[in-house]
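Residue numbers (our numbering), protein chains in the order written: chain A, 779 to 1169; chain B, 193 to 405; chain C, 494 to 659.
These are calculated hints, taken from the structure and not from any lab test.
Take the hints with a grain of salt, since some may be wrong.
In silico BS3-like cross-links for lysine-lysine, where the CA-CA straight-line distance does not exceed 27 Å [to be verified]:
| hint | chain 1 | residue 1 | chain 2 | residue 2 |
| --- | --- | --- | --- | --- |
| 1 | B | K262 | B | K275 |
| 2 | B | K262 | B | K277 |
| 3 | B | K275 | B | K364 |
| 4 | B | K207 | A | K832 |
| 5 | A | K860 | A | K832 |
| 6 | B | K200 | A | K832 |
| 7 | B | K284 | B | K207 |
| 8 | B | K200 | A | K1110 |
| 9 | B | K364 | B | K380 |
| 10 | A | K832 | B | K216 |
| 11 | A | K934 | C | K516 |
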Amino acid sequence: MIDKADQIFVLLQHWLVSFLPLALQQPAAVLLGVIGIVCVFPAIFALTTVFERKGLGRIQNRLGPNRVGPFGFMQPIADAIKSLTKEDVVPSTANGPVHFLAPVGLVVAVFMGFAVLPVGRNMVLVDMDAGLLFFFAMGASTEVSVFMAGWSSRNKYSLLGAMRAVAQMISYEVVLLLSSVAVVMITGSLSLTKIVEAQNQYTGIFPHWYIFTPWGLAGFVMYAIAATAETNRSPFDLPEGESELVAGYHTEYSGFKFALFFLGEYLAMLSISGLGTTLFLGGWSAPLSFLTFMPSWFWFFSKLMMSIFVFIWMRGTLPRLRQDQLMNFAWKFVLPFTLLDLFVTALWRFMGEGLLRWIVCSAILLAAYIIMGRVAMVRKHFGPRSYRYAE
Amino acid sequence: MLGEGILKGMAETAKNFAGSFVSKERLTTVEYPEERIAPAENARVFPFLVYDTENWEAGLRCVACQICEKECPPKCIYIDKSKDKKPDYVGKQQFYPTRFDIDISVCMSCQICVEVCPFEAIKMDTQFELATDDRFGGLLLDREQLAKSNEYYHEIHPTEASEVDARLAEEKAKADAKAKAAQATAAKAAADAATKTAAPASPTQAKPEGGQD
Amino acid sequence: MTVVFYLIAAITVAGGLAAVLLKNLVHCALAVTIAFGGIALLFLSLDAQFAGFVQILVYIGAVAILIVFAILLTRGSDVPKDGVFSPTWLTGVAIASAVFAVMGWAVINSVNAIPQLAAVPHVTVHDIGVALVGSYVLPLEIVALLLTAATVGAVIVAMHEKGGAE
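Could you put the whole structure together from the sequences, leaning on the hints where they help?
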């Protein structure tokens, strides 16, 4: 019974496919998986938008949208109808084909990332040997779309937004990769299913998630920072800072194309949260050993929604950074700390079991955090700006 | 330590988030069409015409002196004076407006018409739900739409309305006394002990039922 | 298999040609991206996952963006009025075809280029990793040192301008 609930979607897929002739079964199974991804994640995106607006409202002691449907939960449908029926305006000086291809390329690249995410036991579309690499390759190719959108619009705000976005994404992608490398070093595999399986063990009732190790915690924090920057979410939402750049690289998009950008942005957030869950939070494994009776996909999506909630929470709390603060933070704090975390991970790998490695690794990371934080505060890398050219 | 401020801020917003579900005081939102806050006493939107007694046409205080029309900075008041006269609240024969239109798409709610009116005939309304799908006709309010009873005026601006009523009553008393004196002297001078006619009932003291919303 | 190969090859060659022939520099850069993507697909169709994904990650994610940045930060993407072709384009074509001929000759005469019908060795990412930090660790370290030196150099170049009050 428990197994049935756990594997319900896999069994459903097998059952549906079994009606087809043998030759068609394999492609049909893949097609069903694709349909599942294309249906489920945009549905979560729709839910996320309404949760975000309501959550931000509550954070600011407001009610949030509550007019459309019960408690306002039909709001995304109203939004969808609105953006689909709006006029698709293309600036007369815009570079037509590039302007058209940018949102398409973005959404396609973002959707591809979901192909390797294990959303449950046996529930991964393509169990690739180099799954992690594939994910990052797809993440990297979104940058081209962002640039295309900004450049082809022939609008200075778009172009500035695109340049900011690309600079920021390149800077933080380094951190994103390096913090994931720590996990790869411990697991010894780039396959996301293997990474989850390595974490799906229990000591007593506690799971072997990587976040519960010193290097894992540090890596997770760095990953979370980099993921926030990579998806252009607040407080790193400079590329679309509405007080400075109207809407950044998608200023000149309206109607359906804008909806695609919006979808791409949120799907990127979902997929990068999914990857963070897989790498550090044990993917689909249950948080305590006696909770394994719940289906594995339930745990994955719960963790996913939790990380989305943290994204929204941060957006409701933190003010936007400035460009120089953003870059200083990336190159002078996050990157060195991630490199140190890599070193500590290697130590952890070769020190063997025992209390000693816990003490040594925690001490190194804690000391580094405090010292780097102090230095950064004293030297005002993150503090008030010194106006070099103004005096 | 680095990150301390971020955690503090996160705690604060978390408090807001959880608190907004628990305590009603945190949520200051008023869900407008269903819930309303009564407008402040001094609120003003567009002018309206005050009338006494039950009949709005007969009871209009306006005497079509056209001062407001001339003073109106954006020139949004249009008045046509009547040919005949009818008695006003003190019983004096006065003209009355056959047309009194205010174009509220032009009106800027400056209240100058109210300040210059010597007859307390035009006052500021608090009604703000005036949206219409007719851009021109729908926003040009005529006499009938503008006329609101004195009771309505009491309802929306109680303090101001009482002051106005007291002033009008005083004026009327003065006018009555003057009329009485004039009549008395006239009677004395004529040495005629003719019976005095009763003064007409004061319209300001009459309380007709029902008001127009 | 061959259909897929010809399709991908056509895309790659078209991307490369467009990169050379298009007038707008940014269009050229985007065409190069398409060519890079085609090469990545070729790698993938040969079951070389690691090489294919690294091709996307490095070339599309970094090199293409770098090219675009270079174009936008230096000369802008304006189309030059007097055409994009150099007056000595004939010489250029001659040199290019000569180089191509030499390379083609070398490839055709190479023993390794002859189609081998032996079973394709199945190389996993794990094997590549082991090889990189095992038998090829010295070249890897040398490349790493070189890149570090280049990074330090870039930082120094950037810092010189910052303190450049003289």
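Now the hints, each set against the structure:
no.	hint	result
1	K262(B) to K275(B)	holds, 20 Å
2	K262(B) to K277(B)	holds, 22 Å
3	K275(B) to K364(B)	holds, 25 Å
4	K207(B) to K832(A)	holds, 15 Å
5	K860(A) to K832(A)	holds, 19 Å
6	K200(B) to K832(A)	holds, 22 Å
7	K284(B) to K207(B)	violated, 68 Å
8	K200(B) to K1110(A)	holds, 24 Å
9	K364(B) to K380(B)	holds, 23 Å
10	K832(A) to K216(B)	holds, 16 Å
11	K934(A) to K516(C)	holds, 22 Å
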